[in-house]
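Peer 1: Once you know that position 133 of the sequence shown is 132 in numbering that gives the first Met the number 0, the rest is easy, because the numbers rise by one and skip nothing.
Fair warning: there could be bad hints in the mix.
Claimed, not checked - Subject to a maximum C-alpha distance of 20 Å in a straight line, what follows is the list of computed PhoX-like cross-link-like pairs (lysine-lysine): (1) Lys99 x Lys81; (2) Lys84 x Lys99; (3) Lys226 x Lys214; (4) Lys84 x Lys110; (5) Lys84 x Lys214; (6) Lys110 x Lys99; (7) Lys110 x Lys153; (8) Lys231 x Lys110; (9) Lys98 x Lys84; (10) Lys153 x Lys141; (11) Lys98 x Lys81; (12) Lys110 x Lys98.
Claimed, not checked - Okay, the calculated beta carbon distance ranges per label pair: (13) Trp79 x Gln39: 32 to 42 Å; (14) Asp161 x Lys81: 26 to 36 Å; (15) Asn217 x Gln39: 22 to 32 Å; (16) Gln212 x Lys81: 19 to 29 Å; (17) Arg32 x Trp79: 48 to 58 Å; (18) Arg111 x Glu192: 37 to 47 Å; (19) Asn94 x Lys226: 33 to 43 Å; (20) Lys110 x Gly208: 28 to 38 Å; (21) Glu139 x Lys81: 16 to 26 Å; (22) Gly137 x Glu168: 28 to 38 Å.
Keep in mind that the hints were calculated from the coordinates and are not lab data. Ideal Cβ positions, reconstructed from N, Cα and C, are used throughout, including at glycine.
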Amino acid sequence: MKGVKPLLQVGVAVLLVAVTFVTVHTLQKQHTRSLAEENQQLKDKNEKLRTKNETLSSTNDYMKNVSSKDVSKKNGFYTWPKMEKKAEQLVTESNGEFKKSWALYLVRESKRYEIDPYLAYELLKVETGGTFDPDLVGPETKYGHAYGMSQFMKNTAPWIADMAGLPYEDELLFDPYYSMQLSLVYLDFLHEEYGNWDEALTAYHRGMGGLEQFKEENGHARSWYAKEIQNKAENHTTVALAN
């Protein structure tokens, strides 16, 4: 019996040590996890701030390029009412499917690239089948799926984003503003490359290689895609001028 008591004491001591070890280890894991989560939140916040800074820098660079002689013409007091009227026209034409904030963004950014906003709008309409669904995933092709309102594939979008000075993540393709921005940058690039909208629009739809094949087979670049978008854009302009 004399030997039992010391053994019990040793057992209790070992148990206490084990419990203490497990408790400390658990607390350390929780603390480490908490620090990791805080670190990730800080990284996410920093990334958002960096993206916002890039956007502001881009806008600042754009405004620096506006000559002082043109400031009165570019001033929002003069341009905004016209932009809002065009935006309202797009919202009405889409039966409310194309949101007012999207329309205002598209009209404003189209002006930056000197692209007809009605043409950009009709492209989005064709690409989404009139739904303007920013979460749209296109049918599977041998090149993969197309994503978002502008229906970019993952093999095309990264280099366009790079050309635009924008960050790239697959998830961003479902952001309507990001998607519209990529479409305008790509349209601007294609129009600069070919000098006309028949080739630029057909290349947007079929790819630059597909454009060359289409021209070889048909002797011209005026595909149904290019015709439909341009004709409907012209109708918008006619209506706008009539009003």
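Peer 1: Which of the numbered hints are not met once you compare them with the structure shown?
Peer 2: Those not satisfied are hints 5, 7, 15, 16, 18, 19, 21 and 22.
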